[in-house]
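Protein chains: 2
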Amino acid sequence: MSEHKKILMVICDGMGDRPCESLDGMTPLQRAEAPFMDSLAKNGMSGLMYTVGVGRVPGSDTAHLALLGYDPETTYTGRGPFEAMGAGLEVRPGDVAFRCNFATVDNLGVVLDRRAGRIHEGTEELAKAIDGMRIEDVQVIFKPGVEHRATLLLRGPGLSSHITDADPHADGVKMNHVAATKPDGEKTARILNIFGQKAMAALMKSPVNKGKPRPANAILARGGGAVPHIQLFSERYKMKCAAVVGITLVKGICNFAGLEPIHVKGATGGADTDYDAKAMAAAKALDTHDFVLLHYKAPDLFGHDDNPDGKVKAIEKIDAALGKAFKGREDVVIALTADHSTPCSVKDHSSDPVPLVVSAPWLRKDRVECFDEISAGEGALGTVQGKDLLALLIGCANRAEKFGA
Amino acid sequence: MSEHKKILMVICDGMGDRPCESLDGMTPLQRAEAPFMDSLAKNGMSGLMYTVGVGRVPGSDTAHLALLGYDPETTYTGRGPFEAMGAGLEVRPGDVAFRCNFATVDNLGVVLDRRAGRIHEGTEELAKAIDGMRIEDVQVIFKPGVEHRATLLLRGPGLSSHITDADPHADGVKMNHVAATKPDGEKTARILNIFGQKAMAALMKSPVNKGKPRPANAILARGGGAVPHIQLFSERYKMKCAAVVGITLVKGICNFAGLEPIHVKGATGGADTDYDAKAMAAAKALDTHDFVLLHYKAPDLFGHDDNPDGKVKAIEKIDAALGKAFKGREDVVIALTADHSTPCSVKDHSSDPVPLVVSAPWLRKDRVECFDEISAGEGALGTVQGKDLLALLIGCANRAEKFGA
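For the protein sequence lines, the chains are A and B, in the order given. Heads up: the first sequence begins at 1 in the working numbering, then just goes up one per residue. Heads up: the second sequence begins at 1 in the working numbering, then just goes up one per residue.
What the hints contain is simulated information worked out from the structure, not anything from laboratory work. A couple of the hints might just be wrong.
It does not matter which identical chain is meant; a pair holds if it fits inside one copy or across any two.
[To be verified] Within a straight-line C-alpha distance of at most 30 Å, the following computed DSBU-like cross-link-like pairs (lysine-lysine) qualify:
no.	residue 1	residue 2
1	317	187
2	365	42
3	327	347
4	182	402
5	365	313
6	187	365
7	174	198
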């Protein structure tokens, strides 16, 4: 048996793209000056990856579950639990969690403002009026997030994620009456409707709302999901694992998997993050851990904004940061990829596969010389399914067990 | 979300091949002058597709089911239902359908001529003597087809496709006694044996057979299949769909899927078809529909006949027709492929994967420059499974829903 090696997985959110007119038909990754990424391609193996399956448009949540080796078909029922965990709530298998907004509704239940005037003060106090309620045999756990955002956790017997959203996802229409989408969702739907009424009653009375033109007098819940039973990453793969991640959702998924969160000063989860500090933190974590996930959000944001130039610059910043932190590092399998494509021309996630490169001094090298969506298709890894990536990397790190004898 | 685009799927039946000696080791597709197909490769993404799985030889029926997104493993039990539907019979889930021949047998049941002297007159009247029979609680529906061919549909409770053929598939041997291949097939086997006797008795009496040296005095049934429950294409994908198809079997599958049949004057389902008229009809259908399937049978026929030159010419005719109809069309995802390979050297279907190209102005382009079995293997699509093709195209047309958030 060869020595166990370490693994770095770099995920550049939404980095895959399609040809951009303003870049003369190139993708941002083709246009970017990214010498470190190209050196990985030159010294490694490239491929194209369908993170959640051919022809499927990945969500950030389903894609990251897959990249961490959890089949989203069996572990994913909604985004709520991952946001809740990313927000620092203790979630347990059986809980059902929701993303929420503080909102302003009129006395007929019509939503006047889904963000309650983008409220950013007093939400701690408002949340206290709701947190800890009991409805039938269900406990309500409610925590405020950034600005108008919040997280709701229902804990009790017989809960289900098979319900519709209370959030109508638009202003000027009535809050939705929550309904079951399968028979086992009926109790949860009833609880959530009662919660909506009780929350409204409690918020109305709060001094925080007094005299406000846009009082935060209602809670709109969405993205209900059941907390899955998943095996911790460390137990499953016998590796000591860490994550350098800025955004709540991906933090939550990493927490679920049991990756130790590495806090980095200046990591914002945005385009203004400290790219270098994150890469250096990941490099340092690799001295003491077997597996480190490093996540950059910026490319996705520029894709959603149809800003090819911004995307090119974000990729160049990531490249520079990775180069400084990892150039010459010879003890690590480096995998660089994206969770999904966010083409500027689509301004949303797309089903286009993402480029993938895997490089380590002891591994095979193919003839691909650049890291981009087109070149990657000519590489030795061929077409990879997202849920196979981790197994592939564990094999590359000489950590896979023999099947048979 | 980006604008929904339209999809054209061109299927050239049996187009894939192996090196042909008489073409200096080239495949017919390599030899053919096919500038439009090559332009798709230049401006699109290529790959190789296993329509029903690695190492499996596709039937025309199973392959087309897969290409339309229906897993043949779960929807296919036999060819009968698709032929029946293509022949214009109304079939219902639960029915079991068979392809039949009018045949000549002696009074010991030995088949003298499986095609009853290639009978081509009087089959309407012969069929009337059989159609509408009742056997136990089963209704017999029987329709004549072209020449000696016919379709048998059994309708009633407890029918199954788990039975052997009555057709011995050879002259000079006795008609098969139909047997169940699984216990649930016993009733159907019994019904079919009784049907064989009753049909013989009815045909013997028919004036059509009087004085004929090769009387059509028996029905040989084969390819029994249960009519599957499948979701209509339009409901499943929310697209308005049409098909330009000449041959009965593929028509039947398209009918099953709910594709609107476009009738084209001069479309024969043979090598003598009006190639241009079919392509123009498909182009016109795309003005009013979201998805159009265009099927050409000719390459398969030349493959079965070991006629490489004929196959080259058929491909060139298809190419010219496609070029006239679709050159410069910018609002459509064009996918060009085959349902299976029919190598001239094999004179039958083979398990060799088929070339696939997918092209649209907004999609990525790889570096492949020609459309053929060898070049396609170097393309960005890598290896594609037939049952994933439709999902892939729906993603390319910006019509896929997000999995997750």
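Outcome of the hint check:
In this assembly of identical chains, the alpha carbons of residue 317 and residue 187 never lie at most 30 Å apart, being 49 Å within a copy and 63 Å across copies at closest. Taking identical chains as interchangeable, the C-alpha atoms of residue 365 and residue 42 lie at most 30 Å apart whether they share a chain (7 Å) or sit on different chains (21 Å). In this assembly of identical chains, residue 327 and residue 347 lie within 30 Å of each other by CA distance solely across copies; the values are 28 Å between and 33 Å within a copy. For a Cα distance limit of 30 Å, the shortest separation of residue 182 from residue 402 across copies, 21 Å, qualifies, whereas the shortest one inside one copy, 42 Å, does not.
Both within a single protomer and between protomers do residue 365 and residue 313 lie at most 30 Å apart by alpha-carbon distance, with minima of 28 Å and 23 Å respectively. For the homomeric pair residue 187 and residue 365, neither the shortest alpha-carbon distance inside one copy (56 Å) nor that between copies (51 Å) is at most 30 Å. For the identical chains of this complex, residue 174 and residue 198 are intra-copy neighbours only, at 17 Å inside a copy versus 67 Å across copies, given an alpha-carbon limit of 30 Å.
The structure fails hints 1 and 6 (numbered hints given earlier, in ascending order).
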